[in-house]
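Asker: Read top to bottom, the protein sequences are chains F and E.
Okay, so the first sequence: first residue is 24 according to our numbering, each after it adds one.
Okay, so the second sequence: first residue is 24 according to our numbering, each after it adds one.
You may find that some hints are simply not true.
Pairs count within a copy or across copies, as identical chains cannot be separated in the list.
Using 25 Å as the maximum straight-line C-alpha spacing, the simulated PhoX-like pairs for lysine-lysine come out as follows [said to hold, decoys possible]: (1) LYS37 <-> LYS370; (2) LYS312 <-> LYS143; (3) LYS128 <-> LYS232; (4) LYS232 <-> LYS176; (5) LYS115 <-> LYS232; (6) LYS284 <-> LYS365; (7) LYS366 <-> LYS143.
In short, the hints are calculated from the structure, not lab data.
Protein chains: 2
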Amino acid sequence: MTQQIQITKSQNLKEKPEVAGIPFGSYFTDHMFLMDYSAEMGWHDARIVPYAPFEISPSSQVLHYGQSVFEGLKAYNVDGEVILFRPDENFKRLNRSLERMSMPKVDEEFALDALYELLKIEHDWVPDGEGQSLYVRPFVFANEPYLGVRPAKSYRMMIVLSPVAGYYGAQLNPTSIYVEDDYVRAVRGGVGEAKFAGNYASSYAAQQKANDLGYEQVLWLDGVHQEYIEEVGSMNIFFVRDGELITPQLNGSILPGITRKSLITLAEDLGYTVREERIHISDVEKGIKDGSISEVFGAGTAAVVAPVGIMNIHGTDYRVNNNEIGKVTQELYDNLTGIQTKKQEDKHGWVYDVTATVK
Amino acid sequence: MTQQIQITKSQNLKEKPEVAGIPFGSYFTDHMFLMDYSAEMGWHDARIVPYAPFEISPSSQVLHYGQSVFEGLKAYNVDGEVILFRPDENFKRLNRSLERMSMPKVDEEFALDALYELLKIEHDWVPDGEGQSLYVRPFVFANEPYLGVRPAKSYRMMIVLSPVAGYYGAQLNPTSIYVEDDYVRAVRGGVGEAKFAGNYASSYAAQQKANDLGYEQVLWLDGVHQEYIEEVGSMNIFFVRDGELITPQLNGSILPGITRKSLITLAEDLGYTVREERIHISDVEKGIKDGSISEVFGAGTAAVVAPVGIMNIHGTDYRVNNNEIGKVTQELYDNLTGIQTKKQEDKHGWVYDVTATVK
Ligand SMILES: Cc1ncc(COP(=O)(O)O)c(C=O)c1O
Ligand SMILES: Cc1ncc(COP(=O)(O)O)c(C=O)c1O
């Protein structure tokens, strides 16, 4: 550990909520992690303190120029043990996002240690209900009080924790998606592959349009041709085509999801052929029509796997697999959540046992 | 005026700095304007308070999803009178940016009134040196403590003021620009035409690359073909071609600059033909080579007009007008700053006299 973490415990512990009833990301635990960066000192002043508002300058660069990136992962409670799923991948991606946004990288091991320390203090907050977890949100933002348009010289990293219910409770309900032909999320040469704060604000207009039209999620097409499939909402997307799994290849504008990466490995373990391709929306339309595409699902930390039941392509609604969860989708969901809950063998070393480590 | 503005004066007025020596956007006045928005109350609690840090929640949405927009304009001190240049245009653009980012609009007249109130209190801060001004920064950001990926339900608007020196002192020095072939700033269907915070963070990698290669600014090409000229750094761009003015047409990915708009009108007043076109980078290269393009300049609030002396296109350095300020560039600069400093007739009603209005 390169730095000591200063710990200040809260004197006023909150009452823990009924997790089943609270919306995603609205309730936070008693403590949070912070550290600061300056050009002179590098990352310093690592500390765990009571979760509370903090002071920010009116000219802090994050408010003006949006230099901010984040990560999202989940801590699970498996029979009283706290575990994480591939947290090393999240901190690796955090560093790639930081680099893309001209921000200083963090020491991945130290960041993971900091998360362990925080989880040790908050372990009672990790819920154990079906599908429930403690959502972990590391984020880094520019914090220099200066209006010049150039990378900031000071930054803050924080980790906050929020107990969350399963995205769908215990059940996988098919979602509906709207293929967006006008709005564009990202383009090659842009910042689409970074988990950059602004990518999310940029998606709201399309998200609202889809919701207004009665669909739950937006399917984004590429920024150059507006013909190739990128991703859906905050998830990567998979198709089952002639018994094989197909997903858009990483191209610089798609977020490289850890769920995506894990499902590719898992599917191959299960004997499926997985292809990472450039996927034309017309080919998907054709495939759904002629039955060669039998299942469609999104993949991301929040929902794990989200079956797609309705897909609107250029104004036409298509039902996928009769708006029911497909066999392959269910199989992958069961296997991935099986590993995440230690019900299944973890042969790739994806599961990190926090409790065992900090004991 | 729809709301009353509560005023709390600072008890500790700062010493005013020597404006000539301070970097852009690093020094702030004694007071700032704030108001808050909630779904229930709309915009409320308008107030002017001492400039100071304020509290923000660790889960405030601006930090995570980057929902934030801003404006930039200047207050000039003309013989003791405080004047603004087309501030109505800035608040109109603010509302267009807010709308694009799914944020609540402000009452443009009220926002302008609020700025007047603030400037009335801070009028001693408006510097009167050659090229100096008080930079005005209105900004609006998501402020709901909630990690859901959807437009926030609460927002804050602020206006801060910063005394600034002329971008180039009293003199126009030609700048050097690097035509960026890999990184992309914006694409049609995206958020390029909004003054969205994240657009600036997204530009840092390219800006750094240009600086590392020895150029001051990035010239952005379009996101689809990477062939058509968009804008340069935080400025729009103009070319003098065969005695006419050419500038990229607004296409959804270019920021619609108020300086651009004003220069188009002004140039026409002066008898120039102005064309808003789709401009191919190869045509610019050819035009510089064969002499048909005689001048190139950027246009924006910060620099007003910035002559371009060196332009790197696909790896080749081209000198424009022998790296000197061109006749047309100088003429437009003189005329626009002439109007802004009341030395020249303001026949379009662009100059707003704050002092006269609030007296
Ligand atoms: C835009 C986007 N795509 C895809 C994903 C899926 O990534 P992961 O599986 O790492 O959660 C996310 C994050 O949840 C995302 O924000
Ligand atoms: C990206 C960008 N382009 C162009 C401009 C010029 O706009 P204006 O003339 O309104 O300052 C700005 C703002 O300064 C800008 O940020």
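Asker: Determine for every hint whether it applies to the structure shown.
Answerer: Right, here's what the structure says about each hint:
1. LYS37 <-> LYS370: Classified as neither: same-chain Cα gap 38 Å, cross-chain 64 Å, threshold 25 Å.
2. LYS312 <-> LYS143: Neither, since 51 Å and 67 Å both go past 25 Å.
3. LYS128 <-> LYS232: So LYS128 and LYS232 pass the 25 Å test across copies only (18 Å; inside, 36 Å).
4. LYS232 <-> LYS176: between (38 Å within a copy, 17 Å between copies)
5. LYS115 <-> LYS232: Only across copies: LYS115 and LYS232 sit 23 Å apart there, 34 Å inside one copy, limit 25 Å.
6. LYS284 <-> LYS365: Classified as within: same-chain Cα gap 19 Å, cross-chain 63 Å, threshold 25 Å.
7. LYS366 <-> LYS143: The answer is within: 23 Å in one copy meets 25 Å, while 68 Å across copies does not.
The structure fails to meet hints 1 and 2 from the earlier list, while all remaining hints are met.
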